[in-house]
Amino acid sequence: MSEKDIKSSVQEMINRQTKKADQIIQADQTILQVTSLKKYYRQKNKRNVLVRSLDGVSFELGRGECLGIIGESGCGKSTLGRVLIGLEDATAGEILLDYEDIKEVKKRNRKELRRKAQMVFQNPFDTFDNRIRIGDILSSALKLHNIGSTAKIRKQMVLDSLKKVGLLPEEDYYKRYPNELSGGQLQRISILRSMLLKPEFIVADEPVSMLDVSVRAEVIHMLDDMAKKENTAVVFISHDIATTRYIADRIAVMYLGRIMEIGKANEVITNPLHPYTKALISNCGDADPRNKMKPLQVKGEPPSPMNIPEGCVFSDRCPYATQRCRTEEQTLHDFKENGHLVRCRFAMQHKENG
Amino acid sequence: MSILEIKDFSVSYLGDDYVVRAVDQVNLHIEEGVSLGIVGESGSGKSTLMLGVLRLLNERTSKTEGEAFFAGNDLIAMTRKELSKVRWAEISVVFQKAMNVFSPVHTIGTFLTDIYRVHRPAAKAKEIRKEQEELLALVNLPKQVLKMYPHELSGGMLQRTSIAMSLMLRPKILVMDEATTALDVITQNQILTEILEIEDKLQLTRILITHDMSVVANFCKKIAVFYAGRLMEVGFTEDVLINPKHPYTRDLIKSYPTFAEDGTGTVVRIPGTMIDLKKPYEGCPYAERCSQATDRCRKERPLESFVNNSWSYYCHNPLEGGRADE
Ligand SMILES: Nc1ncnc2c1ncn2[C@@H]1O[C@H](COP(=O)(O)OP(=O)(O)OP(=O)(O)O)[C@@H](O)[C@H]1O
Ligand SMILES: Nc1ncnc2c1ncn2[C@@H]1O[C@H](COP(=O)(O)OP(=O)(O)OP(=O)(O)O)[C@@H](O)[C@H]1O
Ligand code: SF4
Ligand SMILES: [Mg+2]
Ligand SMILES: [Mg+2]
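Going line by line, the protein sequences match chains A and B. Start counting the first sequence at 1; every next residue gets the next number (the numbering used here). Start counting the second sequence at 1; every next residue gets the next number (the numbering used here).
Derived from the structure by calculation, the hints contain no laboratory data. All clues given are correct.
SDA-like, lysine to any residue: derived pairs with alpha carbons at most 20 Å apart:
{"hint": "1", "chain 1": "B", "residue 1": "Lys172", "chain 2": "B", "residue 2": "Glu32"}
{"hint": "2", "chain 1": "A", "residue 1": "Lys44", "chain 2": "B", "residue 2": "Phe111"}
{"hint": "3", "chain 1": "B", "residue 1": "Lys63", "chain 2": "A", "residue 2": "Glu180"}
{"hint": "4", "chain 1": "A", "residue 1": "Lys155", "chain 2": "A", "residue 2": "Ile132"}
Beyond 12 Å from chain A on every Cβ pair, some chain B residues (computed):
{"hint": "5", "residue": "Arg129"}
{"hint": "6", "residue": "Glu282"}
{"hint": "7", "residue": "Gln292"}
Ideal placement from N, C-alpha and C gives every residue a C-beta, glycine not left out.
Go ahead and model the full structure; you've got the sequences and the hints to work with.
Below you can see the structure in the form of structure tokens.
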């Protein structure tokens, strides 16, 4: 570990301790503790090039809490999702699920891990086998995990849930094959399947990006309702910032494999501190053509995890960057002492934040 | 001038014991250089319309009726051979399922070169390479991507690669079916701005299928609103989004999530569900959910009514005050 690494993990530990203190009364309310998570890949063609997809991610997640993750495409959101539910192993760092290292849970029983942690993927078309009827896909997930004692009971459970998410008439959807559904309809099935097992937490990776807004609302309400009722924690990855703000309790903004800003959803969206977050939010458009977007420009090439800039990882594109930004690595700071952390030492000096 | 003229166009999916009328007598004229955004609820037939027009549907399990003229020639009446010259080279599509198009065992560069060679066998390797790098730059990707395999790229990077690929043969029409949905807003805006800028130069007409009304508001000249396989309203974006004539257009606009003042953000849904496309019905498909519906709406299919020659709608009780109309 380099000195910088040590410094940053100490800082992260302090941040965590502060937060922990706040939450001490709800101590066993934590379902997930993630510390200095790293995931490096080697490129197939150039084995010597290291792809640093996750480069030190730390956060905690409460039971039933929803953490929204937004950020540049390619910044490591899906990688984080896959590592969190144990689909891939981290290169370094630790994930505690219910105070137990997920590596241990996985070693003991993969099925147990799958039941506790589920994922909804970005692309619903890849998720299902087109030769198996929707009803059978859902029933067999129940059967595999010994939920519902008879086939008849399982069928009824599946029909009820189809109805609940508005796939009507439900008997009809039960009989259909995946390729007979539209992208939106398929994604609802995918969410439904992950929820059927009543997991402790789910990672939903772009679950609504293929749904139109009216159905999106329905699915978001459904996810929200189910999660609240079952006290399921959700890591909600999305590019739709308005929707993320709606469903998430807290939001983390990622850039080049790390969290640049994290805090209460409203705080982060209405009062963004990090220059990257500000640019991101200013790029959100309105459906009214009279309110043309006035996006803050971020200059330069998009970043690459194969070539991470020195100092602040955003310094080569940041409109506020100074010489110090290009040399000093940044850590997360809680300037306002309210759990709204930002990875930019100069955030409070940028005029709007002062 | 119309570059694509879709006339009385219908598509049905044929199941063992059902028929889904996914596109129902659509008439749509797409003018050269006038970008069009197609919006509508999930399952409203947006993808099917373009798949049908380009004859990419399985002919055994679907039935296409009507005509679709590209530069004066009916795509539906063409032979397969004629069609293969038009598809990709003249009209190219970036699909919702774009992530599946790449071959897992080839690098992106090899894959792109192979496709290029099919249409332009005489091209030199060096030229192709230069072209590829330029196109990748256009979608904000480094040239290293050419040496990578699909699984080494993020969802958004793959999506951007397929946009670059779709421009490779310099098509006249570019159909983007949810092609930028998987991207963060900064990247999305940058790519759409870039495409917008080259459109004139390349004489490219863009058709954008999307759920994101703000993308249409900011990047498309015209908008077409679909519901249950039918066209509901079409016109210039400023007209339709500010003063919608069709109640469904208004409701769809209202369900678009915004950053509300109170900090909660609104996610309003339209009550009820879309009608079952397998069951024949009379009248307007939106009647069951529509606040304006009258008896006539349940009986008589609304015909096209014109506000002016670029703006039309299909509704018996059009709105007067537009957005504000309750
Ligand atoms: N192969 C198929 N067999 C039967 N029905 C189908 C088939 N493919 C699509 N459908 C149905 O046709 C209708 C239109 O589907 P389509 O995919 O065109 O909708 P869409 O507007 O593109 O939706 P989305 O926004 O979700 O992509 C839907 O009701 C869908 O269930
Ligand atoms: N198996 C792999 N081998 C090499 N590089 C990989 C691999 N998987 C992911 N990467 C790289 O890791 C980075 C992060 O990818 P990831 O899919 O996590 O991004 P993301 O934030 O989910 O992006 P998007 O919003 O586009 O889905 C990308 O640069 C990608 O190229
Ligand atoms: S540290 Fe400097 S470069 Fe990085 S975000 Fe802050 S001001 Fe910009
Ligand atoms: Mg992703
Ligand atoms: Mg579609």
